[in-house]
Structure formats: structure tokens, C-alpha cells
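**Q** Each protein sequence line maps, in turn, to chains Y and L. Using our numbering, read the first sequence as starting at 1 and increasing by one per residue. Using our numbering, read the second sequence as starting at 1001 and increasing by one per residue.
No wet-lab data here; the hints were simulated from the structure. As the structure is a prediction and not an experimental result, all values here were calculated from the model. Just so you know, even glycine gets a beta-carbon here, dropped at the ideal spot from N, CA and C. Fair warning: there could be bad hints in the mix.
[Claimed, not checked] Derived, one-sided and incomplete: chain L residues facing chain Y with beta-carbon distance under 10 angstroms: (1) A1019; (2) P1020; (3) I1022; (4) E1048; (5) D1052; (6) L1056; (7) E1162; (8) S1163; (9) E1165; (10) D1170; (11) L1171; (12) V1186; (13) M1188.
[Unchecked claim] With beta-carbon atoms standing in for the labels, derived distance ranges: (14) Y/Y296 - L/R1086: 49 to 59 angstroms; (15) L/L1095 - Y/D41: 46 to 56 angstroms; (16) Y/A189 - L/L1095: 20 to 30 angstroms; (17) L/R1086 - Y/G141: 27 to 37 angstroms; (18) Y/S161 - L/G1245: 38 to 48 angstroms; (19) Y/A189 - L/P1185: 35 to 45 angstroms; (20) L/P1185 - Y/P97: 45 to 55 angstroms; (21) Y/G162 - L/R1093: 45 to 55 angstroms; (22) Y/S83 - L/G1092: 20 to 30 angstroms.
[Stated by the list, open to error] Chain L residues, not near chain Y, derived (Cβ > 10 angstroms throughout): (23) V1035; (24) W1068; (25) P1129; (26) L1164; (27) V1182; (28) V1249.
The lines below spell out each chain.
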Amino acid sequence: MSDAAMIDAKQPAIAAETKPWRAKGTRPFISVKNIVKRFGDFTAVSNVDLDIYKGELFCLLGESGCGKSTLLRMLAGFEQPTSGTITIDGEDMARVPPDRRPTNMMFQSYALFPHMTVEKNVAYGLLREGLSRSAAYERAGEMLRMVKLEKQARRKPDQLSGGQRQRVALARALVKKPKLLLLDEPLGALDKKLREETQFELIKIQETLGVTFIVVTHDQDEAMTLATRIGVMKDGIIEQIGEPREIYETPNSRFVADFIGSVNLVEGKIDAVAPDLMRIETNELGPVLLPPQPGYTRGQQVWGAVRPERWALTRAKPETNPNTWQGVVEELGYIGHMSHYRIRLENGVLIRASQSNRLRDEDPISWDEKVWISVQPTAFRVLTR
Amino acid sequence: MRGWFLPLAVAFGFIFLYAPIISLVVFSFNESRLVTVWGGFSTRWYGELLRDRQILGAAWISLKVAFWSATLATIIGTLGAFVLTRFSKFTGRLLLTGMITAPLVMPEVITGLSLLLLFVSMELTLGWPAGRGLTTIIIAHTTFCAAFVAVIAQSRLRQMDESLEEAARDLGAGPVRVFFDVTLPVIMPALVAGWLLAFTLSLDDLVIASFVSGPGASTLPMVIFSKVRLGVSPDVNALATIIIGIVLVAVLIAGWLMHRSMRKL
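With the sequences and hints as input, model every part of the structure.
**A** Here it is as C-alpha cells:
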């Protein structure tokens, strides 16, 4: 308990409001320039540019094989880039081997040394740094207290639970106070409940120590919870970089819109552009009215994205909203705090909508009911690719 | 049919395998000088054995040969296995991986003969090894034992989580340190198993040793074989029983260690 209090008492080194990437001209702490990695004919990472700022918790998000782990391994020094440069705190990493880099890594498998005790595992890096045995073990002990494992210090890794092993791996990676900590699916092996708890613990530790984190994950909820910013990767390319909210609300492509959360995508052409209005003639929904947005021309091919929770479901026809359609509830999934609907429009198009269940004694819209669905013009995100 | 067929088949198989060994062990405790006639229980031949200078000398040579060739084979085999599993693909890797296992299937006569020819021509051109004896037997045994160790070490290294080595690297250890701090301790049980296997293989070998040994360096199997040619004497039974005991213990320990290291990973 006292450990938690200790963490709380310390002022977080980085205030949550600090967003250096928003200010123009801030010097990035880690700079990846035009990096390419090929394995034979296969291009794992192609022409990635990435700037990461001091104290960030940056998440690389993507499906397996998208190149996110390769990018992480290049930062750690386990893979040599085919071309491009990596700079950490102003120092070019090109000829620096992994054992001399100011980075540490937490492995997906944790990679705890099975023949060493927990304490020895954590002290190992400090001993390699040339610290005396007593100083190394003292610092390892402090670190183990922080992750609440001081009682398990003398155990071997195979005598620990999955969650405890995860904390040993974190302690071992942090004990050298690296400039940059790389985490490869740090919570991937934990069960759901423990994962959610650990997410916030990880953020707290990161803020207390002020170490810059780069986390690789395929779990979008995890990325959204942890990250200051997310880089969404696909086929070796970073599709979009942004704060969790930007990624969710203003995705820059159909891929990102579909990958993060769920979405209804419609295809169409811009039909009219007026000073106060823009209209898209869509294949699925017919005409859709939107507020005017700069940079679009008449006749341009676009896609519209609407998140399921943005739809309003009503039994009566909404009077004022022009973006209104009628349909029948075909599927309904009640999951407690929300209900997921699939609504079949008259023209056969299926719309995904969800409603949060805020009242206990609602009379919910149910199967086979005729409903009106409507969406605010501002809830439509227009995409060009 | 199922009720009696399987147990019978198993019993037949095991009798076929072990009956000769069991009869040898039983007759080693035979009082009679005649090997085929039971004359009552006695440990007489074991005592006789301990007074036989020739056999004790050969046993000592065999143990020395086995110890040194097992040790050298473990070092060479481990290094070979490490290079073949850990270094990124180089030309000829597949060929080398295949070649390292070739001595396992090579007829011993050929191995022995080729080594003999090598030693003779080396002596003529380099002056070393001078004559044949302990050194040449150790070298010869190291050669084929190293192949066994390499195969065992290779399978263990392949199974080992490579991120363990990367983690040590990441924490500031150079490549050599990583090998001694992490790789070696992790694969150690497999190496001990490999050493024990090499030890018993060397102890058992008759054919290769016969080719490459010289005067004054007869191993135990060579002495037994030459004794038996003059007629089976009961003290050979006693000696064989002791060897079976040693080999059995070594193989059991090796098996147990390998099993444990596979399970722990």
C-alpha cells in the first residue's frame, strides 16, 4: 500500500496536458527518418518517418505482420535498417550495437532468465553497467518494491504467476533508467481483468519515471487507453499518427476508420458544394447533407464514415434532421451498458448502430420494430481514400 | 486376441533384448570356472578381476579416453551447434548441418580406417602424433562423439527462446558475455546429457579404437575382445556386468537431464 502512496505523492514528471507534438518546432527526442527494412524480397517497413517526444507513451498499433515489431527491433538495435536513420536524443544509432544503446526492451515472452532469481534478473543490467554488487542489488530491490514484488525477490521465474512475471520484466527493463523503453505487447499474455488494471499501473509508472515509452500492440483498446499518440501501421507503412481521439474521430482513411472501433462506410460522389452546405450522393443512403468542408470539389469520389454510436434511433420521425432513414431492427445484441443494433433499410442496406443504456426502466427498441435512424451532419467523416 | 497378443509381443520383445544381458549378469555370480555350468552363487570373479593388472590398466585407459574425448567433444560440438543455429544464414549452412550428422551413420570401420590413414600420413609429414596410442584414440573418439553432442545441443538451442539472448544483449552484455551468462546455463542440462552420452559411446567403442591404438594403449573393450578369443573366462562376465552398470547409470542420468531441460525450456 505504501508503495502506491509513494507513487501518488510524487508529482508526475510529465503533466498530462503537455502535448509537445502540437507545438511547431519542438525538437523530437526520437527521430526515425525514411527508414526501410527488407528481408529478402519482403519489405517489412517501408519509408517510415516518425518523431517521438520526450516523456511520450507512443503506441504502434497494427495487425501481426504490419511491421510494428520490426520497427521496434530496429530501435532496440536487433535489426539493422536497410536504409534510413534513427536518432535518439540527438545521437545517430546506426553503428551502435544493442548493448550500448540508451534503450531497454520489455519482450513479449518477457524473456526472464530462467536460471536466475527475480532479484538477479533485475540486477543483471546494472551489473553489466559496472555497478558494484551491493549498489546493484539495492537498486534492484527498490525497483521490485515499486512493482510490489519484494517478497518474491529470491524466487525463480517459473515459480511466479503470469502477472508477476510481467512485472519482473518491466522492473528489469526500467531499472537502468533508459532514455527510451520499448515494450513489445507488454500486456498481451495477461487475462482481460488483469490487463485493464495493469494498463493504468503502466501509465502511472511511466509518468512517475518520466521515461519515454514506445509500446507495440495489436489491441486497439489498449492503445487507446495507454497512448499519448498512436501510430496505426499497415503493410510496413504508418497510415496515421495522432492522439487517440484524433484517430477515432478524424481517421484519414477507410482503413484507419475501420480498424479502430467499428464504422459504417458509404461510398459516393460530391453532388453539391455551397457556402453553407455540402451534399454527397451516396450509393447506400442516397443524398447526405454535411456542413461545408474546404478542399472538396463537385464530382469528387469520397467515402463517408459514421460510428455506430452516432446514430439516433427513434420510433417517431425526427422533424428537423434531414439525414434520416427508415428501417427494421434485424439483429439486436444486448451487452449491458450498450445495445448493438443491425438495422435493415428499405433499400436493403444494413446499418450498424449502438445505443447506450442509460436508464434502467427504458422501453428499448426491439427486434423487428420499424425505426427511424438519423445522424447529425457533423457526425459524418468524409474520407478520400 | 487383443487380450493376450499385446502383452505376449511385449514380453517376447523384451526377452529378445535383455535375455543375453540377464544371463551374463547371472553367470557373473557363478562359482564354477565353466561358464555354462551353474556352480552356486559367488562373488569370486569380481575379486579375481580386482587382482588382474591387465584389466585394471585397460579400464583406467578407457576411463581416461572416455573422460577426455567426452569433454573435448562437448566443447567442439557445442561451438559447432551454436554457429549452425545462431549465426544468420551463410552459404553452405545446410550442407554443414547435414555434414555434422554424417559421422553418426558412417560405418565405424570406415571412420577407423580413415583416421588411421590420417594419423599415419600426419606422422610422416608433420611428425605428430608420434606413433599411435592414447592421444590418437582420444582424437578419434572426440571426432565421432562431437557429432552426437552437436545434434543434442542443436536441438536444445533451436528450442531455446532467442529473446533470452536478446534481453541480455539489451541489458548491456556483449556477445561473449551473453553466451556465458545466458546461453550456456540455459542449455547446460543438455550439454551434461551430451557429455554422458559421449562418455558411454567412447567407453563402448571397440572398432575405431582397434584401428587407431598402438602398443601399450589397449582400451577395455579391446582387452575383453582379445581375452574372449582365447575362450570365455568368468571374470569377463563380472567385468561386463560392471560396465553395464556404469553405462546404465550414465544413460539414465542423461535421459533424465534431457527430459528435465525440455520440460523447463
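**Q** Hint numbers the structure violates, sorted upward?
**A** 1, 2, 3, 4, 5, 6, 15, 16, 19, 20, 21, 26 and 27
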